[in-house]
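Novice: Listed below are the residues making up each chain.
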Amino acid sequence: MDMWKCHTEQKQLPIPDEDSLIFWEGCRRQRLLIQQCDACQTFRFPPSPMCRDCLSDFSTWREDPGAGEVLTFCIYHSELAGPAWQGDLPYVVGVIQLWHSGIKMLSRLRCHPLDKMRVGLPVQVCFEVADERITLPVFVPSNNGGAPVTR
Amino acid sequence: MGTDAVAIVGIGASRVGRLRGMSALRLTLEAAKSALADAGLKAPVIDGVLTRNLDMDVTYMHSQLVAKYLGIAPRFTTDLNLGGATAVAMLEQAALLIAAKVCRFVLCVYGENRRTSWAHRRHGQIRMGNEDFEECFGLTWGMGPHALAAQRHMHEFGTTSRPLGMIAVAQRQYAGLHPNADFRQPLSLEEYQRAPLLIAPLRKYDLASIFDGGAAYIVAPLPWARDHIACPVRLSGVAQAHSREHLAYCAEMVTHTTTPARQAGEQVYQAAGIKARDIDVALLYDDTTYGVLVQLEDYGFCAKGEGGPFVEAGHLGPHGGLAVNTHGGHLSQAHLDGMLHVIEGVEQLRGTAGERQVRQANTALVSGFGGVLATGAAAILQRDGV
Chain Z
1 MDMWKCHTEQ KQLPIPDEDS LIFWEGCRRQ RLLIQQCDAC QTFRFPPSPM
51 CRDCLSDFST WREDPGAGEV LTFCIYHSEL AGPAWQGDLP YVVGVIQLWH
101 SGIKMLSRLR CHPLDKMRVG LPVQVCFEVA DERITLPVFV PSNNGGAPVT
151 R
Chain E
152 MGTDAVAIVG IGASRVGRLR GMSALRLTLE AAKSALADAG LKAPVIDGVL
202 TRNLDMDVTY MHSQLVAKYL GIAPRFTTDL NLGGATAVAM LEQAALLIAA
252 KVCRFVLCVY GENRRTSWAH RRHGQIRMGN EDFEECFGLT WGMGPHALAA
302 QRHMHEFGTT SRPLGMIAVA QRQYAGLHPN ADFRQPLSLE EYQRAPLLIA
352 PLRKYDLASI FDGGAAYIVA PLPWARDHIA CPVRLSGVAQ AHSREHLAYC
402 AEMVTHTTTP ARQAGEQVYQ AAGIKARDID VALLYDDTTY GVLVQLEDYG
452 FCAKGEGGPF VEAGHLGPHG GLAVNTHGGH LSQAHLDGML HVIEGVEQLR
502 GTAGERQVRQ ANTALVSGFG GVLATGAAAI LQRDGV
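Order-wise, the sequence lines are chains Z and E.
Residues in the first sequence are numbered from 1 upward in steps of one, following my numbering.
Residues in the second sequence are numbered from 152 upward in steps of one, following my numbering.
The set of hints was computed from the structure by calculation and includes no laboratory data.
Keep in mind that the hints are not guaranteed to be accurate.
Stated by the list, open to error - Here are the simulated DSS-like pairs of lysine-lysine, each with C-alpha atoms no more than 30 Å apart in a straight line: (1) E:Lys252 <-> E:Lys184; (2) Z:Lys104 <-> E:Lys355; (3) E:Lys455 <-> Z:Lys116.
To be verified - Computed list of chain Z residues with no C-beta within reach of chain E, every gap over 12 Å: (4) Glu9; (5) Arg28; (6) Thr60; (7) Arg62; (8) Pro122; (9) Gln124; (10) Pro141; (11) Ser142.
Every value quoted in this text rests on a predicted model; they were computed, and no experiment measured them.
Here a beta-carbon is modelled for each residue, glycine too, at the ideal position from N, C-alpha and C.
Build the full structure now, drawing on both the sequences and the hints.
Specialist: Below, the structure written as structure tokens:
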């Protein structure tokens, strides 16, 4: 089953590149920054050079409050996660729909107990420092039960 | 070949030189956008995308990634890599696609920052594309997205693990009848349920393993086949469909319970002039049991959301109406990225499938999924002369 694992001994952190640098810098400062196309106002994620709806290469980074809900999730229980992840088992990965920008984000879901996890669970972003360069955005159940933010 | 019937209608280039801070993707997209503008065409009109893969940052399913970022869901897309001959070879490939009436407007594009690339940190490793926004959260390539997709299907339609287990059990039965299969020991539904959850909701026997092996096929004109081959197997239709997504980021892909298999299926049935009910044997690409279940829906064997009840009613297998993965598939024979599904389709139609033989097998569906569930490809094979 090796091909399906993260086979590395250590967790691989993101490597910011020309297009994602600002996103990762935002996370380092505990801000969730999502690109919005200047021409057609469409939000997009992950970061990319061009809007795929209108091909404009002008965009503005907007801060998203980080509130949303779980669309789906999976729970790792096994050696399939790879050697670097054994200490984290069991852990949850899910897709979160952010209410403000509307984008879908994949991330870790920190949820205890595990059986509280469900599709539709309202969640909120929180930031975890991985090293001096990278802070990861992960999600936790909302305290207040959550509600779509209208602006 | 005669290429009189095609013309180059648009050209474009990015800025060139020493361009620190410009990713390969940005350079590629700029060039494509410029060519589109020159031709007076909008991106959605493009139905063929040809690219050359990157030297500095070899990327999995690269042409699909470029199509995704241009908002194109192409009818046909592939990477070519003939090194320095690629630029001209792309012209030939484009001409072939247009001459065969597969595509009308083919974009040929290549951009890279060989001089100033930041990708050297990954040099030597193929980039799957999911490293920076998926793998860092512990989502493993391939099986992780299947688990996410299966959970969504369970939420929307009430699908349970029982039909998934029945798929695993049936395919293991078939593998037991195949002389060249890796996992041949019978599997019971109880053993399936007892086996551990590996990536919930998927269990051990829901997932294909990895294997070694090779497979090949040769395609030739039908008249030659009729003159020289005892039982020609005709390619009656073939299609591919893309979801505008790439496995590099599966968040959209796994929350849609309909896959590109649906569009590939519609196209291929129309091309062959048949319907789903005409299929005698289906060789469905199977990284997971969930992949099989969702294809039963998307290839029209049952309605969307009904895959679970369809399997539980006993429609699969030698005593049901639809024989699926009679070689055991990836789950039990061996995982060779769908090559053995083509081989098995031909064996069934030739009547050489031994103990696995489906009676009166005249029409087969063979499918592939690229990049988890991002690209669906389907072929209809038929016994010639029937």
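Novice: Decide, hint by hint, whether the structure agrees.
Specialist: The hints, checked one at a time:
no. : hint                  : verdict
1   : E:Lys252 <-> E:Lys184 : 24 Å, holds
2   : Z:Lys104 <-> E:Lys355 : 29 Å, holds
3   : E:Lys455 <-> Z:Lys116 : 28 Å, holds
4   : Glu9                  : 14 Å, holds
5   : Arg28                 : 14 Å, holds
6   : Thr60                 : 17 Å, holds
7   : Arg62                 : 18 Å, holds
8   : Pro122                : 16 Å, holds
9   : Gln124                : 16 Å, holds
10  : Pro141                : 17 Å, holds
11  : Ser142                : 19 Å, holds
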